[in-house]
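Next come the chains, spelled out residue by residue.
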Amino acid sequence: MSTELDSLYQDIILDHAKRRLNAGLREPFEAEVHHVNPTCGDEVTLRLHLEGDVVRDISYDNQGCSISTASASVMTELLVGKTVAETQPIHDAFLEMMRGKGQVEPDEDVLEDAIAFAGAAKLTARIKCALLSWMAFQDALVRAQEDSDA
Amino acid sequence: MEGLLPELDVIRKDFPILERRLDNGQQLVYLDSANTSQKPQVVIDTMVDHLERHNANIARAMHQLGAESTEAFEAARDKVAAFIGAPSRDEVIFTKNATESLNLVANTLAWATGELAIGAGDEVVITEMEHHSNIVPWQLLTQRKGATLRWFGLTDDGQLDLSNLDQLINEKTKVVSLTWVSNMLGTINPVTQIARRAHEVGAIVVVDASQAVPQLPVDVTASGADLLAFTGHKVVGPTGIGVLWGKRAVLDQLPPFHGGGEMIETVRMDVSTYAGIPHKFEAGTPPIVEAIGLGAAVDYLGHIGMKAIHAHEQAITAYALEGLATVPGLTVLGPLDATQRGGAISFELEGVHPHDIAQVLDSRGIAVRAGHHCAKPAHARFGVQSSTRMSSYLYTTPTEIDALVEGLEYTRSYFKLG
Numbered sequence: 250m251s252t253e254l255d256s257l258y259q260d261i262i263l264d265h266a267k268r269r270l271n272a273g274l275r276e277p278f279e280a281e282v283h284h285v286n287p288t289c290g291d292e293v294t295l296r297l298h299l300e301g302d303v304v305r306d307i308s309y310d311n312q313g314c315s316i317s318t319a320s321a322s323v324m325t326e327l328l329v330g331k332t333v334a335e336t337q338p339i340h341d342a343f344l345e346m347m348r349g350k351g352q353v354e355p356d357e358d359v360l361e362d363a364i365a366f367a368g369a370a371k372l373t374a375r376i377k378c379a380l381l382s383w384m385a386f387q388d389a390l391v392r393a394q395e396d397s398d399a
Numbered sequence: 005m006e007g008l009l010p011e012l013d014v015i016r017k018d019f020p021i022l023e024r025r026l027d028n029g030q031q032l033v034y035l036d037s038a039n040t041s042q043k044p045q046v047v048i049d050t051m052v053d054h055l056e057r058h059n060a061n062i063a064r065a066m067h068q069l070g071a072e073s074t075e076a077f078e079a080a081r082d083k084v085a086a087f088i089g090a091p092s093r094d095e096v097i098f099t100k101n102a103t104e105s106l107n108l109v110a111n112t113l114a115w116a117t118g119e120l121a122i123g124a125g126d127e128v129v130i131t132e133m134e135h136h137s138n139i140v141p142w143q144l145l146t147q148r149k150g151a152t153l154r155w156f157g158l159t160d161d162g163q164l165d166l167s168n169l170d171q172l173i174n175e176k177t178k179v180v181s182l183t184w185v186s187n188m189l190g191t192i193n194p195v196t197q198i199a200r201r202a203h204e205v206g207a208i209v210v211v212d213a214s215q216a217v218p219q220l221p222v223d224v225t226a227s228g229a230d231l232l233a234f235t236g237h238k239v240v241g242p243t244g245i246g247v248l249w250g251k252r253a254v255l256d257q258l259p260p261f262h263g264g265g266e267m268i269e270t271v272r273m274d275v276s277t278y279a280g281i282p283h284k285f286e287a288g289t290p291p292i293v294e295a296i297g298l299g300a301a302v303d304y305l306g307h308i309g310m311k312a313i314h315a316h317e318q319a320i321t322a323y324a325l326e327g328l329a330t331v332p333g334l335t336v337l338g339p340l341d342a343t344q345r346g347g348a349i350s351f352e353l354e355g356v357h358p359h360d361i362a363q364v365l366d367s368r369g370i371a372v373r374a375g376h377h378c379a380k381p382a383h384a385r386f387g388v389q390s391s392t393r394m395s396s397y398l399y400t401t402p403t404e405i406d407a408l409v410e411g412l413e414y415t416r417s418y419f420k421l422g
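Chains as they are written, first to last, in the numbering used here: chain A, 250 to 399; chain B, 5 to 422.
Don't read these hints as lab results, they were simulated from the structure.
Don't be surprised by glycine CBs; every beta carbon is placed ideally from N, CA and C.
Honestly, I wouldn't trust all of these hints.
Ranges between beta-carbon positions, derived for each pair [said to hold, decoys possible]:
| # | chain 1 | residue 1 | chain 2 | residue 2 | range |
| --- | --- | --- | --- | --- | --- |
| 1 | A | Lys267 | B | Glu204 | 49 to 59 Å |
| 2 | B | Pro221 | A | Asp388 | 27 to 37 Å |
| 3 | A | Thr294 | B | Gly125 | 32 to 42 Å |
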């Protein structure tokens, strides 16, 4: 029973849920988005600051379970400081893992701490928790790039 | 324990799912009955028997099966009418669920003419503890008609704030729609008192009885409601079948909802005339076997007796409130007196998100609901985004409540809350 829970609530997740790296809303930012999970009410407001091609800051304010808050924390740790082009394979790998029904073997070299969410990928009800901030980031990225193109 | 159903073991045997072992070998502890109730064997058997032996469309098939099917469907209407004390069986309309019942009312009111017509300057009154299905239809109605939506606020202990009753329900009020028993706070509202005030100013009263009909002896006339909605799957019946009861005088004034077969008297290419109630509101082939299943369900509850079921719910709720009070950091949202509330208890556990609580409980076979329970405004009123909810029913035992309390203690230790 508790091994099953432990595969979901890995130490990395519980740790990130407590530490909430990069939490809080900061300036400057080029895009701000608000995403909700309508079934459970989890929400995140996420700001993205790009400097040229580099993700300089991802700041956020969120409310949700340990899976969704830990996911935001891990994501910012992974993506901040990378170029936009470098973030995409990581984003894609995370989505592939989460949508893989627990069948996708995650690549630790790409996903680092985010492989801890492989346990959540097996639980249909928790996939959206883990994906919330990642979808918000991708949305913010599209908007920031649209604005800079305009 | 006083108040428990005397033959609880026998009752539990009526519900085959309660024997279920979960994937990890755990015995099921089902504490999510406000979400949907489990089904007794008699409901399952009645539906299977109908499908195996009597299946045919109703009210149109000129053969033996058609006659049997029609008879069973209409007998279900009689059973529901008797169960809720409806003065006439024709006042019982079958819908898909309580949501459809409430939307039927809000939509047909938008099209109504005469006394029931709603327009600019008119007001509709709801409450802050409504399920979304008794908020959004009224937002749509008032937005479409230029009317104003107003609502009762809540007190800190989860009751309706009635201090401005006479001001809130006034000469402009056309409709007052409220829940009888809150699905989140468990509060039992003084429907009769509010209905009296509404009728003084000529407003009609709509009652969402989704959580009341499963738990309380309901007499629609005594309730003061003009229209009352509930759903089948919370009264040990199947999903896909709901009920709208309405006073004949009100239902007759409302225009049809869906147009189609069965709701007509005669159809010409330019104009149609409509059937009387209940068929006026039952266009198309209805959920036949579901209605028949609901008939068996209310018969089953009627045999046990709603007074006895209510007493059982109160005993279990009191025991649960006592047990939950022993868990450090746990706060119950809503009234703390079991005699003043229904069997749904929402709570917060400091330091653990409701989804994480539900996950840990699930690993021990305990099924509860976590989230906003389709009552986001009520959660916002208490400054919380979501909560965990346990809800009992006639088959719930004190042992299951013990398992919940132990599970919550385990949750605290799992997340290292000391």
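We went through each hint and held it up to the structure:
1. At roughly 56 Å, the beta carbons of A:Lys267 and B:Glu204 sit within the given window of 49 to 59 Å.
2. Taking the beta carbon of each, B:Pro221 and A:Asp388 are about 51 Å apart, not inside 27 to 37 Å as hinted.
3. Range check, A:Thr294 to B:Gly125: about 38 Å between beta-carbon atoms, so the 32 to 42 Å window is met.
Hint 2 from the earlier list is the only one contradicted by this structure; the remaining hints agree with it.
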